[in-house]
Amino acid sequence: MKKILSRIEYGYVYIYDFDIKGYFDNIPHKKLMKVLNKYVSDGTVLDMIWKWLKAGYMEDGVRFNQTKGTQQGGVISPLLANIYLNELDWELDKANHEFVRYADDALIMCKTPEELEKAKALVKRVLDELGLEIAEDKTKDVDFHNDDFEFLGFKFEHLRISKKGDEYYIIKISESGIKKFKSDIKSKSKKSWTFSFEKWKEILNPVIRGKFNYYLKAMKAKQAVEEVLESRGLKCKCIVSHNEYKTLDGYVRQRLRVAFSCRGKKNGCRRDGKLLTVKYDNLFFLKEMGLVSGHYMFNLHNNNGITIEEYCMKTKRKNQKRTKSSDRFFRYALAK
362 MKKILSRIEY GYVYIYDFDI KGYFDNIPHK KLMKVLNKYV SDGTVLDMIW
412 KWLKAGYMED GVRFNQTKGT QQGGVISPLL ANIYLNELDW ELDKANHEFV
462 RYADDALIMC KTPEELEKAK ALVKRVLDEL GLEIAEDKTK DVDFHNDDFE
512 FLGFKFEHLR ISKKGDEYYI IKISESGIKK FKSDIKSKSK KSWTFSFEKW
562 KEILNPVIRG KFNYYLKAMK AKQAVEEVLE SRGLKCKCIV SHNEYKTLDG
612 YVRQRLRVAF SCRGKKNGCR RDGKLLTVKY DNLFFLKEMG LVSGHYMFNL
662 HNNNGITIEE YCMKTKRKNQ KRTKSSDRFF RYALAK
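Numbers given in this note's numbering equal positions in the sequence shown, counted from 1, plus 361.
Don't read these hints as lab results, they were simulated from the structure.
Model, not experiment: these values are computed from the prediction.
Glycine included, each C-beta is placed from N, C-alpha and C at the ideal position.
A portion of the hints provided could be inaccurate.
Stated by the list, open to error - Simulated DEER-style distance windows between Cβ atoms: (1) 364 - 395: 23 to 31 angstroms; (2) 537 - 600: 14 to 22 angstroms; (3) 525 - 648: 24 to 32 angstroms.
What the hints assert, rightly or not - List of simulated lysine to aspartate or glutamate pairs, DMTMM-like, C-alpha gap at most 25 angstroms: (4) 675 - 649; (5) 391 - 408; (6) 578 - 509; (7) 640 - 670; (8) 485 - 378; (9) 382 - 478; (10) 572 - 466; (11) 598 - 587; (12) 499 - 459; (13) 598 - 518; (14) 551 - 527; (15) 364 - 528; (16) 540 - 587; (17) 525 - 509; (18) 392 - 476; (19) 501 - 478; (20) 412 - 378; (21) 543 - 448; (22) 549 - 536; (23) 549 - 642; (24) 472 - 545; (25) 501 - 518; (26) 364 - 504; (27) 481 - 448; (28) 472 - 528; (29) 578 - 378; (30) 479 - 378.
Go ahead and model the full structure; you've got the sequences and the hints to work with.
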């Protein structure tokens, strides 16, 4: 993340965003062993790897042999796959291309369209030698002046000009990341479950904390890059969006309010949950229940030392403006 941000700041805005077609399923065994021979001198280890690759798989009691592919889910599979693609890394490095790769997802970042075309030709040549193909449907050329791109759960929205005339770009949690977050929370917050507050915290906090700690990498990377740029008299163009953190916090809390409304009932519904918005407000979830909040974590990185009370007051002031209809709703909720 830090490398992507720093390269964008220094003008590497022509990006080759590519993916390898069925990577784990299409690694040729003989070519993989040829690459491993460069790094592993122990014949016993190489023999074990070869036997593991040739073990095949069982389906409906029938054994199938394989001539290519590493078994996904195997302990050694990600390591072998990474070693194999090191061949591409070396070639890109020798050609002085800036790149970021995670498994088979990669970005090559260039300063000019001509440099981008050279990088694409190099990737095609190396992948052909490795017996691999580009996944055309997941691959695109990005001109970051006009095009957005996604990488590892983050969406990078293209460069634009503010009203003050400053250039900026936005990083946010991608739609697929939001969908995955909601799916994981939904599977752990069935509305029919009538757990204590402590039990709910025990179930959800590890999931929420893990997810948001990952997404906060964008903020941490921005702060690190910003520090370097400021030391050189430059201004960071990056803005990390916080709106998705608020949205996901709201989703978790609303799921819990619906579950709370089920106590003593056969079924609760979204409307019942909304009526508990005043009783179980943000301060309750953060302070009394001890539920992890992504938006609070985000603010904690921006404002070192901000307390839960200060955070709740800050968000409450921002939400002071209500329509007449919403005022009627909250008066009704308080009466309940």
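Here's how the hints hold up against the structure:
Here the CB-CB span from residue 364 to residue 395 is close to 30 angstroms, well matched to the stated 23 to 31 angstroms. Between residue 537 and residue 600, the C-beta spacing of about 21 angstroms keeps the proposed range 14 to 22 angstroms intact. Between residue 525 and residue 648 the beta carbons are some 38 angstroms apart, a value that contradicts the proposed interval 24 to 32 angstroms. For the hint linking residue 675 to residue 649, the alpha-carbon distance of about 18 angstroms falls within 25 angstroms, and the restraint holds.
At most 25 angstroms may separate the alpha-carbon atoms for a hinted pair to count; residue 391 and residue 408 meet this at roughly 12 angstroms. Under the criterion of a C-alpha separation no larger than 25 angstroms, the hint pairing residue 578 with residue 509 is consistent with the structure, at around 19 angstroms. Note on residue 640 and residue 670: the hinted pairing holds, with a Cα-Cα distance of about 17 angstroms set against a maximum of 25 angstroms. A threshold of 25 angstroms between alpha carbons decides the hint, and for residue 485 with residue 378 the separation of about 13 angstroms falls inside it, so the pair holds.
Note on residue 382 and residue 478: the hinted pairing holds, with a Cα-Cα distance of about 20 angstroms set against a maximum of 25 angstroms. A hinted pair counts as satisfied when its Cα atoms are at most 25 angstroms apart, and residue 572 with residue 466 qualifies at roughly 20 angstroms. A distance of roughly 9 angstroms separates the Cα atoms of residue 598 and residue 587; the hinted pair therefore holds under the 25 angstroms criterion. Among the hinted pairs, residue 499 with residue 459 is consistent with the structure: their alpha-carbon atoms are about 20 angstroms apart, no more than 25 angstroms.
About 12 angstroms separates the Cα atoms of residue 598 and residue 518, which keeps this hinted pair within 25 angstroms; it holds. For the hint linking residue 551 to residue 527, the alpha-carbon distance of about 46 angstroms lies beyond 25 angstroms, and the restraint is violated. Of the pairs offered as hints, the one joining residue 364 and residue 528 holds, with about 19 angstroms between alpha carbons and a cut-off of 25 angstroms not exceeded. With a C-alpha separation of about 30 angstroms, the suggested pair residue 540 and residue 587 falls outside the 25 angstroms cut-off, and the hint is violated.
With a CA separation close to 22 angstroms, the supplied pair residue 525 and residue 509 stays within the 25 angstroms bound. Simply put, residue 392 and residue 476 have alpha-carbon atoms about 29 angstroms apart, too far for the 25 angstroms limit, and the pair is violated. For the hint pairing residue 501 with residue 478, the CA-to-CA distance comes to about 12 angstroms; that is within 25 angstroms, so the pair holds. Straight-line distance between C-alpha atoms of residue 412 and residue 378 comes to about 35 angstroms, which puts the hinted pair past the 25 angstroms bound.
Annotation: proposed proximity of residue 543 to residue 448 is violated, straight-line Cα distance about 38 angstroms (limit 25 angstroms). Taken as a hint, the residue 549 and residue 536 pair is honoured in the structure, with Cα atoms around 20 angstroms apart against an allowance of 25 angstroms. For the hint linking residue 549 to residue 642, the alpha-carbon distance of about 21 angstroms falls within 25 angstroms, and the restraint holds. Between residue 472 and residue 545 the alpha-carbon distance is near 39 angstroms, which puts this suggested pair outside the 25 angstroms criterion.
Restraint check: the Cα-Cα separation between residue 501 and residue 518 comes to about 15 angstroms, which is no more than 25 angstroms; the hinted pair holds. A hinted pair counts as satisfied when its Cα atoms are at most 25 angstroms apart, and residue 364 with residue 504 qualifies at roughly 18 angstroms. Proposed proximity of residue 481 and residue 448 is supported: the alpha carbons are some 15 angstroms apart, at most 25 angstroms. Distance check on the hinted pair: residue 472 and residue 528 sit about 17 angstroms apart at the alpha-carbon level, within 25 angstroms; holds.
Between residue 578 and residue 378 the alpha-carbon distance is near 20 angstroms, which keeps this suggested pair within the 25 angstroms criterion. The straight-line distance between the Cα atoms of residue 479 and residue 378 is roughly 14 angstroms, inside the 25 angstroms bound, and the hint therefore holds.
Checked against the numbered hints listed earlier, the structure breaks hints 3, 14, 16, 18, 20, 21 and 24; every other hint is satisfied.
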